[in-house]
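If you read the protein sequences in the order shown, they are chains A and B.
Numbering of the first sequence is given in the numbering used here, commencing with residue 1 and proceeding in unit increments.
Numbering of the second sequence is given in the numbering used here, commencing with residue 1001 and proceeding in unit increments.
No lab work stands behind these hints: they were computed from the structure.
Treat each hint with caution, since some may be false.
[Stated by the list, open to error] In silico lysine to aspartate or glutamate, EDC-like type, Cα no more than 16 Å apart, as pairs: (1) B/LYS1106 / A/ASP38; (2) A/LYS71 / A/ASP30; (3) B/LYS1042 / A/ASP38.
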Amino acid sequence: DTAVSQTPKYLVTQMGNDKSIKCEQNLGHDTMYWYKQDSKKFLKIMFSYNNKELIINETVPNRFSPKSPDKAHLNLHINSLELGDSAVYFCASSPRDSGNTIYFGEGSWLTVV
Amino acid sequence: GENVEQHPSTLSVQEGDSAVIKCTYSDSASNYFPWYKQELGKGPQLIIDIRSNVGEKKDQRIAVTLNKTAKHFSLHITETQPEDSAVYFCAAVYSGGGADGLTFGKGTHLIIQP
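Okay, chain A solo, but in the shape it has when bound (with noise of 0.2 Å):
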């Protein structure tokens, strides 16, 4: 009965390759998110959705697409991997706003070689 799941846990892969990792919630919350922890622990917002609907899209290079098939899910695509994008990805929810708690996934260790 995992709250937030993102699949694949790990990931190794080339450059230049397509990835996604796919992200669900049973919560029943509106809003879901991808955080990026890069090397130095630093967490930083990449995107928001509020019931499928984009809300936030930080200066994440174009490469990164998230896709929003229905409330409980936000799955991140991204092309043309480059050896920057090695981090680790944090699928996480919300009931409403910001203002409640943020639910967070394990992560999806990226690593690009």
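Following the hints, put chain B in place on chain A, whose structure we already have.
Just chain B now, kept in the frame of chain A:
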């Protein structure tokens, strides 16, 4: 936008002693301040939060204080235990403005020495 500064980046304390982590924020409109704990290989988990209409909140060994005038808030952990070792993040956001997402501090690596 919001900017959150967190200190120290690493904190080592003896088991049983207290630990204090401090954060400052820049946007006076921010009104929700959560603290997250991240254990190795896991996602961040909320441990305590405070809203701007409250100056202090306590939950067993953990407490958070907020000074709106000075725009800083702190996490206090008393009687530290080995399982408290983790990375702690403070965050700030204006609640009610939509799905803006939390702005996090850069984290504090808390090490509990046995």
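| query | Is it true that the CA of A/LYS71 sits at most 16 Å from the CA of A/ASP30? | reply | 6 Å, holds
| Hey, B/LYS1106 versus A/ASP38, does the alpha-carbon distance stay inside 16 Å? | With a Cα-Cα distance of about 11 Å, the restraint between B/LYS1106 and A/ASP38 holds, given a limit of 16 Å.
| said: Between the alpha carbons of B/LYS1042 and A/ASP38, is the straight-line distance 16 Å or under? | reply: 14 Å, holds
When each numbered hint is compared with the structure, no violation occurs for any of them.
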